[in-house]
Structure formats: structure tokens, C-alpha cells
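Chemist: These are the residues of each chain, in order.
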Amino acid sequence: MDTEDRRPAAIRVENLQKRFGEVEAVCGVDFEVRAGETFGFLGPNGAGKSTTINMLCTLLRPTGGRAVVAGYDVATQRDDVRREIGLVFQDMTLDTYLSAAQNLRFHGQLYGVPAARLETRMQQVLELVGLWDRRDKDVSTFSGGMKRRLEIARGLLHSPRVLFLDEPTVGLDPQTRASIWEYLNELRHQEDLTIFLTTHYMDEAENCDRIAIMDAGRIVALDTPQALKAAIGTDRIRLETDDGAAAAAAINRNFGLEATSAGGALVLQVPDGERFVPKLLADLGVPVRSVSVTRPTLDDVFMTYTGRTIRDAEAAPGSEIPAMFRGRR
Amino acid sequence: MTTTVTPLPVADVHRPPSGLAADLRAARIVCHRELLRWLKDRRRLAAGLVQPLLWLFVLGSGLSRVVNVGPGNVDFRTFLFPGVLATSVMFTAVFAGVSVVWDREFGFLREMLVAPIRRSSIMAGKCLGGAIVATSQAVVILALAGLCGVPYSPVLMLELLGVLFLASLSITAFGLLLGARVANIQSVMPVIQTVITPMMFLSGALYPTAGLPTWLALATKVNPVTYAVNPMRHVLFTHLDLTPAAAKVLDHQLTWGGWPVPFALQLVMLAALGLVAFAIAVRRFSKTD
Ligand SMILES: Nc1ncnc2c1ncn2[C@@H]1O[C@H](COP(=O)(O)OP(=O)(O)O)[C@@H](O)[C@H]1O
Ligand SMILES: [Mg+2]
Numbered sequence: 001m002d003t004e005d006r007r008p009a010a011i012r013v014e015n016l017q018k019r020f021g022e023v024e025a026v027c028g029v030d031f032e033v034r035a036g037e038t039f040g041f042l043g044p045n046g047a048g049k050s051t052t053i054n055m056l057c058t059l060l061r062p063t064g065g066r067a068v069v070a071g072y073d074v075a076t077q078r079d080d081v082r083r084e085i086g087l088v089f090q091d092m093t094l095d096t097y098l099s100a101a102q103n104l105r106f107h108g109q110l111y112g113v114p115a116a117r118l119e120t121r122m123q124q125v126l127e128l129v130g131l132w133d134r135r136d137k138d139v140s141t142f143s144g145g146m147k148r149r150l151e152i153a154r155g156l157l158h159s160p161r162v163l164f165l166d167e168p169t170v171g172l173d174p175q176t177r178a179s180i181w182e183y184l185n186e187l188r189h190q191e192d193l194t195i196f197l198t199t200h201y202m203d204e205a206e207n208c209d210r211i212a213i214m215d216a217g218r219i220v221a222l223d224t225p226q227a228l229k230a231a232i233g234t235d236r237i238r239l240e241t242d243d244g245a246a247a248a249a250a251i252n253r254n255f256g257l258e259a260t261s262a263g264g265a266l267v268l269q270v271p272d273g274e275r276f277v278p279k280l281l282a283d284l285g286v287p288v289r290s291v292s293v294t295r296p297t298l299d300d301v302f303m304t305y306t307g308r309t310i311r312d313a314e315a316a317p318g319s320e321i322p323a324m325f326r327g328r329r
Numbered sequence: 001m002t003t004t005v006t007p008l009p010v011a012d013v014h015r016p017p018s019g020l021a022a023d024l025r026a027a028r029i030v031c032h033r034e035l036l037r038w039l040k041d042r043r044r045l046a047a048g049l050v051q052p053l054l055w056l057f058v059l060g061s062g063l064s065r066v067v068n069v070g071p072g073n074v075d076f077r078t079f080l081f082p083g084v085l086a087t088s089v090m091f092t093a094v095f096a097g098v099s100v101v102w103d104r105e106f107g108f109l110r111e112m113l114v115a116p117i118r119r120s121s122i123m124a125g126k127c128l129g130g131a132i133v134a135t136s137q138a139v140v141i142l143a144l145a146g147l148c149g150v151p152y153s154p155v156l157m158l159e160l161l162g163v164l165f166l167a168s169l170s171i172t173a174f175g176l177l178l179g180a181r182v183a184n185i186q187s188v189m190p191v192i193q194t195v196i197t198p199m200m201f202l203s204g205a206l207y208p209t210a211g212l213p214t215w216l217a218l219a220t221k222v223n224p225v226t227y228a229v230n231p232m233r234h235v236l237f238t239h240l241d242l243t244p245a246a247a248k249v250l251d252h253q254l255t256w257g258g259w260p261v262p263f264a265l266q267l268v269m270l271a272a273l274g275l276v277a278f279a280i281a282v283r284r285f286s287k288t289d
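The listed protein sequences derive, respectively, from chains X and E. Using this note's numbering, read the first sequence as starting at 1 and increasing by one per residue. Using this note's numbering, read the second sequence as starting at 1 and increasing by one per residue.
In short, the hints are calculated from the structure, not lab data. Treat the numbers as computed from the prediction; the structure is a model and nothing was measured. Please note that the accuracy of each hint is not assured.
Beta-carbon label-pair distances, calculated as ranges [unchecked claim]:
no. : chain 1 : residue 1 : chain 2 : residue 2 : range
1   : E       : Leu161    : X       : Gln175    : 54 to 60 Å
2   : E       : Val191    : X       : Arg12     : 41 to 47 Å
3   : E       : Phe165    : X       : Gln175    : 51 to 57 Å
4   : X       : Pro174    : E       : Gly19     : 45 to 51 Å
5   : E       : Leu53     : X       : Gln123    : 42 to 48 Å
6   : E       : Leu24     : X       : Pro174    : 46 to 52 Å
7   : X       : Pro8      : E       : Ala279    : 36 to 42 Å
8   : E       : Ala279    : X       : Asp138    : 32 to 38 Å
By construction, the Cβ of each residue, glycine as well, lies at the ideal position given by its N, Cα and C atoms.
All chains should be modelled from the sequences, with the hints used to inform the complete structure.
Modeler: Below you can see the structure in the form of C-alpha cells.
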């Protein structure tokens, strides 16, 4: 959201902690999510994202700190919190024996959606995720992407103020992931809703208004994706010339920059690459064969704050969730 | 920069009523799901019916030629009838309760646990659903009463249904309790075989409890299932024209240390055992890490 929202924060978290015996899964996080915002938690497996979400949605008791969701304390006003939130868990939670409509009806009735409204609301949310035509089909016949969409529809059915999505696209192929995001973006426009989601996909985090980067139970950075990338800096310019050594010397002499050679090309870092390239070409004095500018990615941001890439963090021993906590999809 | 803030669509924020009415409503919704699943699951329906038929007409007919059930020429199938009813109800109800393990493993339990309703109402809904399923399957066996020498007396049928329903409720609660303690689907069958099957055998569902060796008589008395089987048998045999000698064997009076336990107290025991199982199960499901 680029506009200021004057409503009270949708989620306010102060020094929230969770320890499982020896394991400190969440070691004191602070953040605020504004009403209407789409807020993302980005981090590798085992960072503590699911644990945080489960505390915010009252399924886990914090061992320290405080969290207020939609104006209610997650520890002392559980039912109030539960009425105001919608949930899409990391693992599937549909009854595959039942049809899509039966799953939704069950949910709507449990949440006390008035019977007169339930059928119209079901149509709204099923149309939103493109499943209205399949409403009477058994969920067991659905693909992974369709099940996810149905779960999103179900999470919205009782018109929650905050929608939580834990890894909404994990385990789906890239095309399906993209389509889930189309639906989510659509939803941001149609419903007056705060969205809190977790992901370990960099490209998805880009869709959020703001993201918190989480690693080993801590938030290491929090801002808009643009600001995070801008803060670490610099664009990368890759330059192929006829004479690398001469070019490097010229760059040093004319611009006071250090160029490193990599794979037969020169690489240099500058704050605003696209404005720098014309000057570079004009003043270099060495014929240039090709030039490219790369912006910093969230990968670079993650690297800067944690000292490794998110893929390395995933591969690290101990970051994997024990099999018993993993459900099936 | 100032923007107008879109107010929340107030009409959309539902406040389901709380209190007993809300709990009952939630239980009814959960129960409805149990019934939907049961009606969709043809195999479960069929399995629930084939078993009792095997007992009554294969085992019962096979043995009726060699087994003489006490004095008075009572057909072995007649004797077996209440036991088979009890066995059928027992397995159906236990499975209905234990199905919470499937709910947990396939994730649906979370969907229920995170809803703004009391957990006891979820569990009550499951018990109610299980009891309706188990009683309905028993009705089909009741329909075969005539083939087993049991009269179609409306009073008898109503009384049997009442006891069956109470037993189903209690046994489903017991199944829930088992489900709460079983870690995963793989352990369900072994637990059923080591807990439920012995309880079925020790309940006297399949043999008269008169004149048992002391250890077996004692095991029968501490076995909760006995308090489901015995009332059923009592209801049935008081409606048959038995000689006093036959009644003494077939409708054997349950005693505690020589004291005859009244029929009503047996039913109270049945309900109380169910309530205890229910309370422990609810406590286990209400725990939050
Ligand atoms: N119920 C639990 N008991 C013990 N440890 C847990 C439990 N749930 C999560 N953990 C541990 O807490 C850490 C964070 O896990 P999680 O929140 O699932 O991470 P993420 O969702 O970011 O992948 C991991 O080390 C995980 O093994
Ligand atoms: Mg997770």
C-alpha cells in the first residue's frame, strides 16, 4: 500500500518468543503489520516462520512476549482472534472425502456465517479462485494448486480481517505458483484485507508491500523490498571489452572505481547503474563489446544480512523440519 | 498525503453466539460431517454389515448344530444375537472415534481446532456422529431379528435401540480417547487388536457369563464393554419366553461381590464410563503447546 492507513495496526508483535524444550524456534521478534498491508516473512526452512504464524493464530502459546491481532491479544482473547482471522496452513487441511462446497459449508457454519449469506459468500470466494464450476466435485479429485485455491477461498469465507498464509505456494510447480499469486493479487484489490504470508521464495516476497527477513528465529531486516535492496546498495555492471586490462585502468583513472575481472569480463559496482552506463561508454576510451546492468535481488539482501544465500541456509543441517512435523500435501 | 479510509464492511463481521446454544450448534455441524463421510464411504458401510452377517449366519448356523446353549433349547443364533449387535456397535463406534487420528494426519483436525468454538463441542459432535452411524448399522441387524428367533416386538426394538445408542455414544468416546493417544495411522490397527478385540471377548458377548472360572468372571466385571453387552442381553431375553432355568444361564445377573447390579445401574455405569473417556479425550485435545 502506498497510501497511509489510519486504522490501528492489524498485527502488533512485541518480543515474541517460542521455545520447544531446547530448541529456541523464535527468539524475540518485534514488528507491526498495518491494516490493509500485505506483509511477508521471508526465510529458509526452520527459520521460525510457521511457529510465528501459529502463535499469531492462537495454535501455539508464546513462551514470551506479546502479540495483538485485529485488536485482540492472542494469549488471552483467543476466540476473538480466531473469529477475525482466516488461515491457510502450510500443510493441507481439507476433508478430501467431501466436495469443495461441503468443505466450505462446514467452515462457514462453524464460523457462524448466517445461512442467508453463506451461499452467496461461497459463490463469491469460489469465483475469486476460479473454482465455482467445480464446487460439487470431491476434493480428492483436485490438483495441488486447486486444493490450495480452495483453502484460500475457505480462509476468506467468514470475511476475516487478517488472512494468514503459511507458504501458500510450497510444493507447487512454477506455473501454478504464478496463478496462485494472480488470485492473491486479485484478492488484495477486491477484499478489504490484511495479508500475512510466509515464503522461502525470493520472487514471491517481491509481491509484498513489506517483508521481514527471518533467519534462525530472528528478524534480521524489515522494510519494503525496494528499500531493502536499495539499502544494500549497488547495481552490478558487467562489461566485455577488447582489452580488459586497459579498460580496468581507465575505469580506475576516470571514475575512481575498482573493477574486478570475472570470466573474461569486468564487473563493477555502482549505486545507479543505468545512469552510469552512458558516462562509462563516453569516457572509457576502450571499445566495448557488451554491457549489462543487474539490480540487487532479495537474494543479495539475504546474503548481506545472514552471510549466506537462502539456498545454502536451506541445505544447512538442522534447518530441516523433523518429518513428524511435516504433513502431507 | 491523505486518503479516505475504507471502513471495514461491518455487516460482514459475524459474531456467532456463544454459550450452550453455540456449542450445540458446533457439535451438530461436526456430527453432520461424520454422517456425510459415512454415507460416502461405501466400503465402510459394507464392512459394517458383512461382519455381523458372518457371525450370525455362518458362525451361528454352523455352531448351532453342536452347541447347546443351556437348558431350554434356545437357538444358538438367538443367544448370539445381542452379542453380535454389541460387537457390531462396538467396532463401528470405536472406529468412528479413532477416526480422529485420520483427521489429524490429513490435517482436517486443525481446521476444526482453530475455529472459534469449544473443543469439547468438536468432540461431542464426533461422538454423536459415531453413535448415529453405529446405531444405524445396528438397525440393519435388528431387521434380521426374525431369522434368529427374536420377535419383532416394538417395545423390545425401542429398548434395544435405546441401549444401543447409549452404548455407541460411550464407545465412540472411548475410541476418541484411544485416538488421542495413538501417534499415527499405522498404530491404529495394532491398538484395536490389542485393546478392543480382548475387550470384546471378555465382555461375554459371545458366550454366557454364567459359571465362568473366577479369573474370567472378574475380568468380565472390570471390562467396561460388559456394561454395554449385559444390558442388551437383558433387554432381549426378558422379551423371550424362557424357562427360568434357561433365563438363569442366558440372562445371567451381573454381580459385584455377590451384590446383584440393577439394570439401571448398569446403564448408569455405561454412561459414566463414556463420560470419563470423553472428558479425558477432550482434555488431551485441548492442550496447546
Ligand atoms: N512442535 C515442535 N517441537 C519441537 N521443535 C519444533 C516444533 N515446531 C517447530 N520446531 C522447530 O522450530 C524451528 C522453527 O520451525 P518452523 O517454525 O517450522 O520453521 P519454518 O516455518 O520457518 O520453516 C525448527 O528448528 C523446528 O525444528
Ligand atoms: Mg514452515
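Chemist: Between X/Pro174 and E/Gly19, does the C-beta distance stay in 45 to 51 Å?
Modeler: Given range 45 to 51 Å: holds, Cβ gap about 49 Å.
Chemist: For the pair E/Leu24 and X/Pro174, does the Cβ-Cβ distance stay inside 46 to 52 Å?
Modeler: holds, 47 Å
Chemist: For the range 54 to 60 Å, tell me whether the beta carbons of E/Leu161 and X/Gln175 fit it or not.
Modeler: holds, 56 Å
Chemist: Could you see if the CB distance from E/Ala279 to X/Asp138 stays within 32 to 38 Å?
Modeler: With a Cβ separation near 35 Å, E/Ala279 and X/Asp138 satisfy 32 to 38 Å, so the hint holds.
Chemist: I want to verify a distance hint. Is the separation of the beta carbons of E/Leu53 and X/Gln123 within 42 to 48 Å?
Modeler: Given about 45 Å between the Cβ atoms, the range holds.
Chemist: Can the suggested window of 41 to 47 Å be confirmed for the beta-carbon pair E/Val191 and X/Arg12?
Modeler: holds, 45 Å
Chemist: For E/Phe165 and X/Gln175, compare the CB-CB distance with the range 51 to 57 Å and indicate the outcome.
Modeler: holds, 52 Å
Chemist: Mind checking the hinted window 36 to 42 Å against the Cβ distance between X/Pro8 and E/Ala279?
Modeler: With Cβ atoms ~40 Å apart, the hint holds.
Comparing the model with each numbered hint stated earlier shows that all of them hold.
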